[in-house]
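Asker: One letter stands for each residue in the lines below.
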Amino acid sequence: MKLSKILSVLTLITGAIAISITSIWIGKQAYSWLPPQAAAESHLIDDLISFLVTLGAFIFLGVTSTLMYSVIFHRAEKGDLSDGPHIEGNVTLEVVWTAIPIMLVLWIAGYSSQVYEQMGIQGPTQLVHLHNPVGMESAYAAPQEGVMSEPVEKIDVIAKQWAWVFHYPERNVTSTELHLPSDRRVRLALQSEDVLHGFYIPAFRLKQDIIPSHTIDFEFTPIRQGQYRLTDSQYSGTYFATMQANVVVESDEDYHKWLAKIATQKPAPANNQAASEYAQTANEPVKNGWDTVVPAAPPVVNYSG
Amino acid sequence: MTNIPIDGLSLPAEKPHHETPGGWKEYFSFSTDHKVIGIQYLVTSFFFFLIGGIFAMILRGELITPEADLIDRTVYNGMFTMHGTVMLFLWTFPSLVGFANYLVPLMIGARDMAFPRLNAVAFWMVPVVGILLMASFFVPGGPAQAGWWAYPPVSLQNPTGNLINGQVLWLLAVAISGVSSIMGAVNFVTTIVKMRAPGMTFFRMPLFVWAVLSAQIIQLFGLPALTAGAVMLLLDLTVGTGFFNPSNGGNPVMFQHYFWFYSHPAVYVIILPVFGIFSEIFPVYSRKPLFGYKVVAISSLLIAVVSAIVWVHHMYVSGTPAWMRLIFMLTTMFVSVPTGIKVFAWVATIWGGKLRLNTPMLFALGGLIMFVFAGITGIMLSSVPVDVHVNNTYFVVGHFHYVLFGTVTMGLYAAIYHWFPKMTGRMYYEGWGKLHFWLSFIGTNLNFLPMHPLGLQGMLRRVSSYAPEYEQWNIIASLGAFLLGMSTLPFIFNMVISWMQGEKATDNPWRAIGLEWLVSSPPPVENFEKIPVVISEPYGYGKSEPLVAEEKGVGV
Ligand code: HEM
Ligand SMILES: [Cu+2]
Ligand SMILES: [Cu+2]
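Chains as they are written, first to last, in our numbering: chain A, 37 to 341; chain B, 7 to 562.
Honestly, the hints are just simulated from the structure, not real lab data. Treat the hints with care, as some may be off.
Stated by the list, open to error - Result set (DSS-like, lysine-lysine): computed pairs, CA atoms no more than 30 Å apart in a straight line:
#1 B:LYS549 - A:LYS114
#2 B:LYS360 - A:LYS41
#3 A:LYS41 - B:LYS549
Build the full structure now, drawing on both the sequences and the hints.
Answerer: Dropping the structure here:
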C-alpha cells in the first residue's frame, strides 16, 4: 500500500472515532435538555431520546464533516476549467447504503415499540370502521414495576374553553389544581365540553388529546413530589395559551389529607385568566382585536390553588 | 407552424410567433408561454413570501417577551394561521410550480406544456387565492384563527355569526388552490409522459424532471381527499351539517384523517422538486456526474408511494389506537430509506469533485446540511414515544422550519441564482449573493435551532404567551427571525439591479449539461428552433460526449 493510502485510511479511522466519542457525549447531554423526570414513563422516554440523539449526532457529524472536507480540500483551482472524474455510481456502495438505513430504521422502530409497550399507553384494539376510525375508550398504561399498582380512583379531568377542572369522585370534590399521589398509578378520565384540548404535563412526558363527546381513560405513575405544570397541547382557540393548571404530586398520605380538607370547603368561583382577560378587553374603549368565543364562566370549585 | 406529433400526442397549432419574449407587459397578461407563466408564479409567490415573512416577524415580535403584550391574542392567532397558510399555499407550492413550469419543457426538449391555456388558468387562480386570503383581514371578525390545518370544532366556531367570515374565505381559498394544483398536475404529468424530445428516454431525464413527475403524481391522488374534507367542513360551517361537528353527532378526528391524508404527502410535493434542484446543482458545481442517477430517480417515485401511507404520524396522540400508531411509525421511518439514498448520492457526487462555491452551490450545500438535521429530528418525531412528548411543541415547529426554510427556501434561492442568467439573460452580483447566503444561513439557525430545546422543555406551539423560563431561547429565536427578514434585502436588491443592468449572460455561464443550456438566454418563445435529438445520459461531466445529435433536430 502506498503511504498516502495508509494515511487516508488512518485519517478516516481517527475521524470516525472522534465523531463517535462526540456523539456519545452529545447523547449524554440530551438528558439536560429535558424537564425533571417526574413520572415513571419519563425515564423510558428520556433514554430513547438520548439514544436517538446519539445516533442522530453520529449521522449529522458524519455527513457534515465529509461535506466540509470536500469543501476545503476539493476546491477547483482558479482557472482550472476541467471536470472531475466521471464516476456514475458503484453498485456495492449503493447496496450498502440502502441496507444501512433499512437496518437503522428497524432498530429504531423496534426500540421505540418496546418503550411504547412498557409505557403501556394502549389505545383500544377494536377494528377500525370507516365511519369511526378512532375508538378511544381507554389509554391504560401498564403498571410499572416497583411502584404500587393499584390505581387511584378515577379522577375526572374536564377541559373547556379555557379552564381545567378536576373532579375527585372519592369525596365528590372539585379543584382547579390537579393533586396526585406519588408512586401510585393514577387513572384519569379525560373529557372536553367544547373543542379539542390536549392533556400534557411536560415533566411526565405524557400527552393525550381530549375529544368532545368521548371519555378517554389515561393512566400513568407520578414518581417525584413537587409542583409541575399541566398545559393544553391542542390548540383550542383565543385564550389557548392561558389554559394551564398546577399539578401537585405529594405523598399518598398528604394527598388524602388534602382531599379531606377541601371536602370541608364551600365551592367558590376560581381565578380564571381567560375570563378576566376577556372582561378587561370588553371594557377597553378601543377594540384592538377580532371577535372571540366568549370564555366559559370561571369554574366553581372547592379548591382553586 | 404545423402540428407536431410527438409520441402520439398532437398539439393544437398555436398562432406562429417568432419574436423573443415580450416586454414587461407580457408578464401582466394572460400569457400561455410556459416561461412567462413560470416567472409569473415565481414573482407572485415571492411577493407572498414577503407578506408571510412580515407575519412571521410579528409573531416573533410577540414572542420576544413571555407576556402577550404586543398584539391582541386574536390577532396573534390570525397571524400564525395566515403565516402558515401563506407560506405553504402561496409561497412554497407556487414557487416550485413556477420552476417546474419554466424548466420542465426546456429540460425535456418540448416547446411548451401540453395544455398551455390550462396552465395559464391554473396560474391566475393563485392571485385569486391570495386576494381572498388578504380580503379576510377586512371582514368582520378578521381572518381565520384556527391554524393552517383548521381542525374542527375550533374552525367551526364563528363568534361573529356572519355567513361571510374569515374561515369561510379561508376554505374557499384552499379549495381554489386545490383546483389550480390539480390542473397543474394533469398538465405536468401529461407533458412529461408525452412530450419528451426524441431520444429523451425516462432514464435520460434530468432528476428535476423525475422529481416533478413524482411530486405531481402525489397531487393527483392526494388532493381529492383534502378537497373533500374542505368541502365537508365548509358545509358544516355554513349550512350546519354534522360531518365533523360533535354537537351534531360528527367526528372531528375524521377531519384530521382527510386533512393529513393529503397534507403529509404535500410535504413531499414541496420537497421533491427541491431534491431535484439539489440534484441539478451539485453535479454542475462539482463537475461530476450525479452519483447513482438511476437509484436517485427511482427513489423519488418510491418517496411518492410511501408518502401515501404515513399520514397518521400527525395523529399519534389524537386517540389513535396502539396498533395503528406502531404501523404508521414503521412506514414513516421507511421514508428515510429513499431520502437517505439521495443524501448519500449528493455527498458522493461532491466527493472528489472540482468544487466551485458560487452562490447557488452555497445555498444548495447549506440547504443539504439543514436537511440532514431536519431528517434526524424527523426520525425522532416519527418514534411514537418521543412524539407523545414533543408533539405540538416548538420541537415540531423547529423541525418543519428546518424543512421549509432550511431546505425548501434555501433550495429555492439556489435555484433562483442558478437559473437567473437563463431566465433574464443577465448575471447576478456574486458578492451580494454570498452576503445573502451567509445572512440567511446564520439567521435560519439562530431562528430555528433554539426551538428544539424549547420544545423538549415543553413549550407549546401556537401560544401567544409563555412561562418566563422559556424567555432566553425565545429572544435568540426572535433575533434570528429579524436577521432572516433583513437577509431578503440584499437578495431583492441583487435581483432588481441585476435584471435591469447586470452583465449580459452567455447561453451557458456555468458550463452545465442540460437541454435548457443549449438555447439562448433568455430562451426564445418556442424554446427550440428544432426539437433536439438526445443521444446521451444527463450529467455527462468528465466524459466530453455531446448531449444532443449535431444539427439533427426534428424539423418543423
Ligand atoms: C422568517 C422566517 C420565519 C419565521 C420567523 C417563522 C416563524 C413561525 C412561527 C413563530 C410560527 C408559529 C408556530 C406556532 O405557534 O404554530 C410559524 C408557523 C409556521 N410557519 Fe413559519 N416562520 C418563518 C418562515 C417560514 C417559512 C419560509 C415557511 C414555509 C415555507 C413557514 C411555514 C410555517 C408553517 C406551515 C407554520 C405553521 C402554522 C401553524 O401552525 O398554523 N414559516 N412560523
Ligand atoms: Cu384547551
Ligand atoms: Cu407528516
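Asker: Confirm or reject each hint.
Answerer: How the hints compare with the structure:
At most 30 Å may separate the alpha-carbon atoms for a hinted pair to count; B:LYS549 and A:LYS114 meet this at roughly 22 Å. With a C-alpha separation of about 20 Å, the suggested pair B:LYS360 and A:LYS41 falls inside the 30 Å cut-off, and the hint holds. Using a Cα cut-off of 30 Å, the hinted pair A:LYS41 and B:LYS549 holds, with the two alpha carbons roughly 26 Å apart.
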